[in-house]
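Chemist: Since chain A is already given, all that's left is putting chain B on it; use the hints.
There are 2 protein chains.
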Amino acid sequence: MQDKLMLMIPGPTPVPERVLLALAKHPIGHRSSEFSHIFADVTTKLQWLHQTKNDVLILTASGTGAMEAAIINFLSKGDRVLVGENGKFGQRWAEVCEAYGLNTERIQAEWGKPLDPEVFREKLETDKEKSIKAVIITHSETSTGVLNDLETINRHVKAHGEALIIVDAVTSLGATNIPMDEWGIDVIGSGSQKAYMIPPGLGFVAVSEKAWQAYKRADLPRYYLDLGKARKDAHKNTTPFTAAVNMIVALRESLTMMQEEGLANIFARHSRHRSAVRSAVKALGLPLLTSDDCASPAITAVAPVTVEAEKVRSLMKKHFDIALAGGQDHLNGKIFRIGHLGYVSDRDILSAISALEATLQMLGLEIPPGAGVNAAIEAIWGQAHQS
Amino acid sequence: MQDKLMLMIPGPTPVPERVLLALAKHPIGHRSSEFSHIFADVTTKLQWLHQTKNDVLILTASGTGAMEAAIINFLSKGDRVLVGENGKFGQRWAEVCEAYGLNTERIQAEWGKPLDPEVFREKLETDKEKSIKAVIITHSETSTGVLNDLETINRHVKAHGEALIIVDAVTSLGATNIPMDEWGIDVIGSGSQKAYMIPPGLGFVAVSEKAWQAYKRADLPRYYLDLGKARKDAHKNTTPFTAAVNMIVALRESLTMMQEEGLANIFARHSRHRSAVRSAVKALGLPLLTSDDCASPAITAVAPVTVEAEKVRSLMKKHFDIALAGGQDHLNGKIFRIGHLGYVSDRDILSAISALEATLQMLGLEIPPGAGVNAAIEAIWGQAHQS
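Line by line, the protein sequences give chains A and B. If you use my numbering, the first sequence corresponds to residues 23 to 409, in order. If you use my numbering, the second sequence corresponds to residues 23 to 409, in order.
So that you can see chain A by itself, here it is in the shape it has in the complex:
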């Protein structure tokens, strides 16, 4: 049977039919008043999603483009920056910093372990001359399923007073609580193919007033990714370069759906699915890569020992048309990753877990009958009852 693919990867995530139909509408002119009206509406909804009054800017770019913009608009050559690196994406932001000649200090943790906020505290507290200009953190590290402790690290940055906090929230925004204004986060980057429930193609950068002050001094070269240009035009409900109009029309539809569900419900759903997947995987006797206290609400990495990760992935695809993600770099072949981000229902989790259970049986694992599904039901139903 064709075309019955179920995406359980950390992006692209499934897209609701309402959104696909919006995407497929005939394009309209990006300089028309109709489009400006849509753009204004989307901008307001993006501020709602970011829990902020700050500018939230839309770029035609992937999440990496958005994060590059989030970094290069606020810094100058030779600036000292701390970059949290405990996975593929933290590593990537350090590479971006180095490509632009920043004085880059990598604060590392093993892939699968969380960043230690104490290391940041110490670096920031001892920086009496305020040489640290930014701290760059990947909130949900997609490559491992670790949720770094943004709230605590951010508190240390606030105590420093000078440094900006720049956050990769690509797989955390819209999945867990990130109250931008309440926490005083300076810059948040994200991408469309995640909790936004639309296909890849748009990046987003939210920018605080403090970051705009830094923008004025920043001297790294930029043009297409210049957020000052984007801001100036966004205030007139337009964009400096041709906007991806179909994607923005689709985004309006998906943000409307998110508002209908409500932030608290969206976060509870992701939390519930994280619990369900983790409980089920444990009940199936497979080791998780990360511990419960730093588990991402978007993605769960499983590090099987008694079966091959890639075999699980290929059988899940072959027999059930469920796409799981593999491991990146040195985790390639060592883990598989289950995405539970965006347009994912309780039923989807039961589907994925029951298919995983069947797959493990095919691979000859002895499993208590129904153990995975039972654990998932317990986690979903127990939590649903409480809410």
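I should point out that these hints are in silico values taken from the structure, not numbers from a laboratory. Even glycine gets a Cβ: it sits at the ideal position worked out from N, Cα and C. Accuracy of the hints is not assured; some may be wrong.
As the list claims (entries may be wrong) - Derived list of chain B stretches under chain A, where covered just means 3 residues or more per stretch with a C-beta under 8 Å from a C-beta of chain A:
#1 117-125
#2 180-191
#3 217-223
#4 241-249
#5 276-289
#6 355-361
To be verified - Mimicking DMTMM-like on lysine to aspartate or glutamate, the simulated pairs with C-alpha atoms at most 25 Å apart in a straight line are:
#7 B:K75 - B:E39
#8 B:K258 - B:E283
#9 B:K238 - A:E117
#10 A:K99 - B:D248
#11 B:K47 - A:E144
#12 B:K254 - B:E282
To be verified - Facing chain A, a subset of chain B residues (Cβ under 10 Å, in silico):
#13 L29
#14 P36
#15 V37
#16 T82
#17 G85
#18 M89
#19 A91
#20 G348
#21 H352
Modeler: Frame of chain A; chain B shown alone:
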């Protein structure tokens, strides 16, 4: 009546239903073998469109992002570049060069007039120490509807031997003949919402072997727009950052349609529509901004004197739901622009011209009855007969 908009702007251009339906398919994983297969197919088709064996790379970006990549990947800080500037887009590429600290010489012509190839010849011939590293030309200047003489300017660049020729072909590629390999063009940038017949959101950069040699020496900072990364992954049928999968699936469909029509037919259609629109506008007694010998096959700018350009635009929109473009910068309010690029049929041209004729009558202009439509029919039918 709603939702019966007809786009006659120079982008976004109309999108065929086949393509919209492809766009609206559920996304698939960008690291899947299914997607790699599509990516390989699209890449081959892009080479066909560019008439090249060179790499043609796909970026999630607008045309401006593609052109920035086309410039910054092949140059180093302080490099001397000549930038042709006879409109908004030529101006923009000069701004990009300056933002990156290039030694930028603007070769200017009045907006609406073509660049003079002789000025390039003289600059290049007198550059005995080969200090000119690139010549950057906007082929079809979208802001004015001028088609610059790329073939002649390129010949002068070839005679120089050292400088690269970097071409903004955003509104010329797929509308007029640009045989990349035959002419030896080094870098061509383009964007999806033009002759490609898909919505905005993708940019393309084709790169010659000579340009890749320059890439090795180039030192401008870049990461997201790094074409070396894109090339390395493209040779494995993937992308360094999440590909805009829905857009690429749509692109495959539109490129298939273009192959079905054939390059010669596509170019003939655009040429026919240019003639039809220009003949009709002349017959209606309105002045054209550009002369016939430098007229873009994608867009025609009209500079009315006896009626207000913005009034023509608003009545065309109000009564006929036809979107025309206005003028940019100092041409704002002085011209209106008729797009005839991409998915535009002979019938569309007759629709637009007859609506324009009606609009001019509403504005009180005395026009020989049917003059515009007759001229368009003559131009289309006369040429169709010859082909």
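Chemist: With 10 Å as the cut and Cβ atoms as the points, is G85 (chain B) at the interface with chain A?
Modeler: 7 Å, holds
Chemist: Do three or more residues from the segment 117-125 of chain B put their C-beta atoms closer than 8 Å to C-beta atoms of chain A?
Modeler: With 5 residues closer than 8 Å to chain A, the segment 117-125 of chain B meets the three-residue bar; holds.
Chemist: Under 10 Å is the threshold here; is the Cβ of L29 (chain B) close enough to any Cβ of chain A for the hint to stand?
Modeler: 6 Å, holds
Chemist: Quick one, are K258 (chain B) and E283 (chain B) close enough, alpha carbons at most 25 Å?
Modeler: 29 Å, violated
Chemist: Please work out if K75 (chain B) and E39 (chain B) have their alpha carbons no farther apart than 25 Å.
Modeler: Violated, at roughly 30 Å.
Chemist: Residue count check for the segment 180-191 of chain B against chain A: does it reach three with CB-CB under 8 Å?
Modeler: It is violated: at least three residues are needed, and the segment 180-191 of chain B offers just 0 whose Cβ sits closer than 8 Å to chain A.
Chemist: Checking hints one by one. Is M89 (chain B) an interface residue toward chain A, by the C-beta closer than 10 Å rule?
Modeler: OK, holds: M89 (chain B) within 10 Å of chain A, min 8 Å.
Chemist: Using the nearest Cβ pair, does T82 (chain B) come within less than 10 Å of chain A?
Modeler: At about 5 Å, which falls below the 10 Å cut-off, the nearest Cβ of chain A leaves the hint on T82 (chain B) intact, so it holds.
Chemist: Given G348 (chain B) was flagged as interface, is its beta-carbon under 10 Å from a beta-carbon of chain A?
Modeler: At 8 Å from the nearest chain A Cβ, G348 (chain B) passes the 10 Å test, so the hint holds.
Chemist: Restraint: A91 (chain B) near chain A, CB-CB cut 10 Å. Satisfied or not?
Modeler: 8 Å, holds
Chemist: Mind taking a look at whether chain A covers the segment 276-289 of chain B? Criterion is 3 or more residues with CB to CB distance under 8 Å.
Modeler: Not satisfied, violated; 0 residues make the cut.
Chemist: Verify the coverage statement for the segment 217-223 of chain B against chain A, using a C-beta to C-beta distance below 8 Å and requiring 3 or more qualifying residues.
Modeler: holds (count 3)
The structure shown violates the earlier hints numbered 2, 5, 6, 7, 8, 11, 12, 21.
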